[in-house]
Amino acid sequence: MALKDFFKNRQLKRAAKLHQKQGSATAGNISELKAKSAIDDALLCSLWTKCQGCNELLYTSELKKNLSVCKKCNFHHRLTAHERIEQLIDYGTFVEINDDVLPSDPLNFTDLKSYKERLKDAQQLSGVSEAIITGIGNINNQLVSIGAMEFQFIGGSMGSVVGERITRLAEYSTEKKLPLIIISSSGGARMHEGILSLMQMAKTASALKRLHEEKLLYISILTEPTFGGVTASFAMLGDLIIAEPEARIGFAGRRVIEETIRQKLPKDFQTAEYLMENGQIDMVIQRQTLKQIVSDLIRLHTQNIKKKRFSNNGSDKTIFEKILARL
Amino acid sequence: MALKDFFKNRQLKRAAKLHQKQGSATAGNISELKAKSAIDDALLCSLWTKCQGCNELLYTSELKKNLSVCKKCNFHHRLTAHERIEQLIDYGTFVEINDDVLPSDPLNFTDLKSYKERLKDAQQLSGVSEAIITGIGNINNQLVSIGAMEFQFIGGSMGSVVGERITRLAEYSTEKKLPLIIISSSGGARMHEGILSLMQMAKTASALKRLHEEKLLYISILTEPTFGGVTASFAMLGDLIIAEPEARIGFAGRRVIEETIRQKLPKDFQTAEYLMENGQIDMVIQRQTLKQIVSDLIRLHTQNIKKKRFSNNGSDKTIFEKILARL
Amino acid sequence: MKENKEIIPLDFEKPLIALSKQISELEQKTRTLQNGNKKLVEDLKLQYSKVKSEIYKELSPLDKVKIARHPQRPYTLDYVEKISPVWYELHGDRTGKDDQSIIGGLIEIDGQTVMVIGTQKGRNLKENQKRNFGMPSPEGYRKALRLFHHAEKFNLPIITFIDTPGAYPGLEAEAKNQSQAIALNLRELSGLTVPVISIITGEGGSGGALAIGVANRILMLENSVYSVISPEGCAAILWRTKDKTQEAANALKITAKDLYELGITDEVIPESEGGAHYNPDETSRNILNAIRNHLEELLKLTPEEVKKDRQDKIRNLGVFSTN
Amino acid sequence: MKENKEIIPLDFEKPLIALSKQISELEQKTRTLQNGNKKLVEDLKLQYSKVKSEIYKELSPLDKVKIARHPQRPYTLDYVEKISPVWYELHGDRTGKDDQSIIGGLIEIDGQTVMVIGTQKGRNLKENQKRNFGMPSPEGYRKALRLFHHAEKFNLPIITFIDTPGAYPGLEAEAKNQSQAIALNLRELSGLTVPVISIITGEGGSGGALAIGVANRILMLENSVYSVISPEGCAAILWRTKDKTQEAANALKITAKDLYELGITDEVIPESEGGAHYNPDETSRNILNAIRNHLEELLKLTPEEVKKDRQDKIRNLGVFSTN
Ligand SMILES: [Zn+2]
Ligand SMILES: [Zn+2]
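Chains as they are written, first to last, in my numbering: chain A, 8 to 334; chain B, 8 to 334; chain C, 2 to 324; chain D, 2 to 324.
The hints are simulated quantities; they were obtained by calculation from the structure and are not laboratory data. Being a predicted model, the structure only gives us computed values, none of them experimental. Treat the hints with caution; some may be incorrect.
[To be verified] If we take Cβ atoms under 7 Å as the criterion, some of the chain C residues that face chain D in the derived model are:
(1) Arg95
(2) His150
(3) His151
(4) Gly171
(5) Ala176
(6) Lys177
(7) Asn178
[Unchecked claim] Here are the simulated lysine-lysine pairs, DSS-like style, with alpha carbons at most 30 Å apart:
(8) C/Lys127 with A/Lys271
(9) C/Lys15 with C/Lys58
(10) A/Lys183 with C/Lys15
We put the beta carbon where it would ideally sit given N, CA and C, even for glycine.
All chains should be built: construct the whole structure from the sequences, respecting the hints.
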């Protein structure tokens, strides 16, 4: 499609956007959060992407090169879990673990559609088996455990698999003395697994307790959007908490709060910057500098300890090789 | 003096009260706090005491019998350190310790009067050697370490001696595994000892850190008035914090705050009830029930531990006897 | 046919009310009339018993939700009063607020000091303004956290009573970091070495309930419910209409029985017939018995075993496949 | 006679300004006039040096207070920038506010990560609104506490920079329990096993300063002061008039030298002549050297020895008699 056609169609598409795709699926927060998705545009025109911040048309390839951050308005577009890993982990060093932990349907849950169907659809749409990818890899030659959530998978909702994969990742970190990084993006708990999804909050927090007792570093990275049971468990337990600019982060969804308190909320409510002002996070970091800063922070948090404890225990490299050999 | 004469003189005395006695002596808070003292009345008429809450004339002996709480308006009159001990500790079981720790004048400090003179005057006025009495004794047969501050001694201000006596008391508690009770009443740090008085905040807090690490109970009792360096150190570090009704407690003095923020403060600001509402203390307790409640709280906090650890180690009685024998 | 007249009936209890009324009227007449009517009264009473046990036996999940939310249902302070001779409430997070939708304090059971922490609803509008309808703010969770650590320090077992629609979804609550307050409680509760027993007494409202519910034993009153989201909220999102609340309540598996079968709940504590509000004394006795039994077991463990017991329990929650 | 022209002179520096002006004028004339004047200029310069060293040698405690409060004095962020190649600021108490009158973050010294925590004043009204004139609220102290524990967890030595009139005396600060925030920091700082070095860089304002100043080593810049109360406040209370501020400043013993003699301060760090604001680079180098020396000593100790070193130091503060 030519550029001029795109411009002509812009108004039509905006209208179409109001009747967005079918239903969200996590506890409360997602339906409103999906409004910003740009998949319609992407399908219409894969060469060009309309910026969700300023509506400008951007070359998709250039946008990707800039880590999906708009050069005009600095809007940070959503990334897939795989893109997250690619942007943070040294090329070729990521090894996924626990990808054999797969969802089931413990409650035999059906709403307008069965949960089983939803899972299949989500797997097809997102290309991943669940709402988080976990594994190990290097960040500027420093071995870490890393998890990245996939919002396209039923709104990044946390069910048994997300809980189990994070728990295993944290346990792995504890065992191997590795820093842990989790990039969150989620609407909350996955209703279709009922109370079991709620319990994942306790499970992940408990695993992080053991990591904490071992004095290992956990950096939590919050991205647009992070809500509900995810924020209220592992995402808010980082030793360091970093958010991307303008990412919306909170416990309750905006609409629920507005209904409860019967007043409009300020525009910047629940943005990364709002959280910063309210003392809830350490930093708001541009995506372009995220890898370098995370890498620096890992170095700064491990170099003193290394000197004391690991001086004769071999380098990270060796540990990494051992782990790879075992896998 | 007959009762009717007293009534006649009441108005005169009220006027006299406005020109109260000479200067206060601690960091900021005392001068205003002394305004409520009723010593003039007491001297004028030792049989009768005018209630500082409701201005009613009360039989002094009846007032004392009611622990200096007005039966009409519930005003809790200030108590001396010795009265505090008497009201809380079983008759005859109090043994003062570290009364040989006595004030000196490290800075050779003189304002309108020399610090040495002030110390002598304070000792004469209050009948105690410093602004706190410390020792051990029983509360309903439970041995405790206890300290009670004396507001009449330079406004209960904390200098080196208060800091040292509290520190030794806390250390004694730690060593003997005794619950610690401190009843505070203070205008803050004692300016005449300069930086040394400030450092008592760190010293007492540090001693309490060790007590805390040994998992021993510390009950802090806040009475009218408790301010400044005392509140901002040992007084606010209780596992349990109890205040007497309407006692004024805070960090900065009311006047300082009003000058800073240039607005009037609410009437109940910095009262025990205000602190309660603001989540700063556990309980506001009537003086008449204080001993029973403190006694209960000690029992509740030690009976589980005793079962586990002290089942074959002899009773409190034995420890008490050993300590007494050693003194 | 004595029934506590002050109890407000629920929809599904209406047939009982009608029957009860009929019986009362007949009984009054019986005094002046013939023996034949006495037989009728007896029959009606029999009928009443049958209907009653049928109604209460076949309660749907949504009926249970209604009982769990009954305005006359006993709350934490009611149970505390009945199971302990002493109660010293401890207040505040020490940093600016005493959130009264969560209460905490010391009780005594069999000469053992126990820390109680629980959500607390109000009985009327004024009380509910104070208690915020049992929906805690971050300061409430931080008060609870302070008391968890207090209990750990002094070797006090912890019992939590849970009956909350959920954590309060308000502007101030978000500004004060509701998420972090809950998350930190989850983490810290999991690390305690004193026994923790949680009892869902009414509504177990999602993360707001779990924040004081990470326990060695999770007990549920017979008519209590515990869910990741309210049936109304779930229906609105997944079915796009609150009309489907019944369906959502069924699908979510929220009753004590469901959760027992799912392995979340360790014991279902029986209530008095019709619900705890019909006989708080009886229900309290059942609660006390349950506490005693579980406490006795847990106090046999060493502190490290207590911690491991809880962590193992939490660790195994979740259903997934591994090929 | 090059002096940084942008420096705002203090009262007692006025003679120097006059002399300096005289010299400049004469120098300009000298270009066009005879040799005799050159001699005069030389003499004046000599005179200037003499006066200068005399003035700075005989500074009264109150003069030092003025230097310590000089609006151009370097603040924590200025020093951080000069002593470390990296600076990652960490924000917030996690519970509702990022108090910017206290800052904290990570720096690196000789390949060692160090946690810096310091009070921070603003340079102008707008900045001072943000920084509240360097007077922390409870949330600031709680941010500091979070970072103390963070440093303890990751084995990071702590350096605190202190320059504050004191903890903020405001309604909100009292409501949020300023006392407890300070008290808890005192207690927790005393228990850390990582080295803590505190540097008083300007005003050490009472409890508000001490709350981040319980350290293994207390260092003071040459012109800094540290006091239980401001001289003005002390004069107003004990002398009943602020006119006696000078007397109070003398009596209180607040200068670096006084505190060194009292055994409170471990080292007095020299500033550039006239004060740190005349040459922040030089002063920063002196600070860095002092940090290096003390850190080197402290890092030889085991964690438990570090803790004991600090606790012993604190334990011995105070002067009293025992007969
Ligand atoms: Zn843009
Ligand atoms: Zn009265």
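Enumerated hints in conflict with the structure, sorted upward: 2, 3, 4 and 10
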